[in-house]
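Engineer: Going down the list, the protein sequences come from chains W and D.
Take -12 as the starting number for the first sequence in the numbering used here and just add one per residue.
Take 21 as the starting number for the second sequence in the numbering used here and just add one per residue.
Think of the hints as simulated: they come from the structure by calculation, not from any bench.
Keep in mind it's a predicted model, so treat the numbers as computed, not measured.
Any given hint could turn out to be false.
Listed next, the in silico BS3-like pairs over lysine-lysine satisfying Cα-Cα at most 30 Å (straight line) [unchecked claim]:
(1) Lys129(D) - Lys76(D)
(2) Lys80(D) - Lys129(D)
(3) Lys119(D) - Lys76(D)
(4) Lys(-4)(W) - Lys129(D)
(5) Lys119(D) - Lys80(D)
(6) Lys119(D) - Lys97(D)
(7) Lys(-4)(W) - Lys80(D)
(8) Lys119(D) - Lys(-4)(W)
(9) Lys97(D) - Lys76(D)
Coverage of chain W stretches by chain D, computed from C-beta distances (three or more under 8 Å per stretch; other residues unrestricted) [stated by the list, open to error]:
(10) 63 to 70
(11) 75 to 87
(12) 91 to 99
C-beta atoms are modelled at their ideal positions from N, C-alpha and C, and glycine is treated no differently.
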Amino acid sequence: NAGVTQTPKFQVLKTGQSMTLQCAQDMNHEYMSWYRQDPGMGLRLIHYSVGAGITDQGEVPNGYNVSRSTTEDFPLRLLSAAPSQTSVYFCASRFRGSNQPQHFGDGTRLSIL
Amino acid sequence: GDSVTQMEGPVTLSEEAFLTINCTYTATGYPSLFWYVQYPGEGLQLLLKATKADDKGSNKGFEATYRKETTSFHLEKGSVQVSDSAVYFCALMGRGTYKYIFGTGTRLKVLA
Chain W
-12 NAGVTQTPKF
-2 QVLKTGQSMT
8 LQCAQDMNHE
18 YMSWYRQDPG
28 MGLRLIHYSV
38 GAGITDQGEV
48 PNGYNVSRST
58 TEDFPLRLLS
68 AAPSQTSVYF
78 CASRFRGSNQ
88 PQHFGDGTRL
98 SIL
Chain D
21 GDSVTQMEGP
31 VTLSEEAFLT
41 INCTYTATGY
51 PSLFWYVQYP
61 GEGLQLLLKA
71 TKADDKGSNK
81 GFEATYRKET
91 TSFHLEKGSV
101 QVSDSAVYFC
111 ALMGRGTYKY
121 IFGTGTRLKV
131 LA
């Protein structure tokens, strides 16, 4: 019962490099989200998806792209890494409905030098 | 817009002490309310939830009551253990919306 799987767990990049953070869920959840967690700021929504082929921007979308070609996968792409994107990134998924809890992955710790 | 405010930490307690972590919210209508817990190096896990006024969510000895009149959802536990050391997040989801709104988190340290 894998739940939400994120890879890699740790990554160090140089400024200007690009990379993709992977997220996969095996619970057939319609909704998936990407958050970043920074000290003293809680979780901030980057992008989200309400189903395959449908994505939308969250609170802090600049510098990130997403796509949702399947129900299971929701990769997050950093186009040109900047030091301000140093953070811990969490992927989450849930069923449709206003009282449905979110299921989180264990996070990707990303450092941009 | 909707928002969640929770007490700043860290909160440091001795084992078996009583715990309260305050959470208040601003939202239109009747949101669903949640408490999540994050242990070191892990993602957030649902601790408890309440979906309507006066509901009490409970799990692992933790409780929180949805208070519409005071727009609050305070987390309580009667006797904390060292294993409860973690960061606790209060969150809401408004009716008819997709997005969760999280508080900034409260770190709890329990000393033996």
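Engineer: Run every hint past the structure and note whether it holds.
Structural biologist: Evaluated hints:
{"no.": "1", "hint": "Lys129(D) - Lys76(D)", "result": "holds, 25 Å"}
{"no.": "2", "hint": "Lys80(D) - Lys129(D)", "result": "holds, 17 Å"}
{"no.": "3", "hint": "Lys119(D) - Lys76(D)", "result": "holds, 23 Å"}
{"no.": "4", "hint": "Lys(-4)(W) - Lys129(D)", "result": "holds, 25 Å"}
{"no.": "5", "hint": "Lys119(D) - Lys80(D)", "result": "holds, 27 Å"}
{"no.": "6", "hint": "Lys119(D) - Lys97(D)", "result": "holds, 28 Å"}
{"no.": "7", "hint": "Lys(-4)(W) - Lys80(D)", "result": "holds, 29 Å"}
{"no.": "8", "hint": "Lys119(D) - Lys(-4)(W)", "result": "holds, 25 Å"}
{"no.": "9", "hint": "Lys97(D) - Lys76(D)", "result": "holds, 13 Å"}
{"no.": "10", "hint": "63 to 70", "result": "violated (count 0)"}
{"no.": "11", "hint": "75 to 87", "result": "holds (count 4)"}
{"no.": "12", "hint": "91 to 99", "result": "holds (count 4)"}
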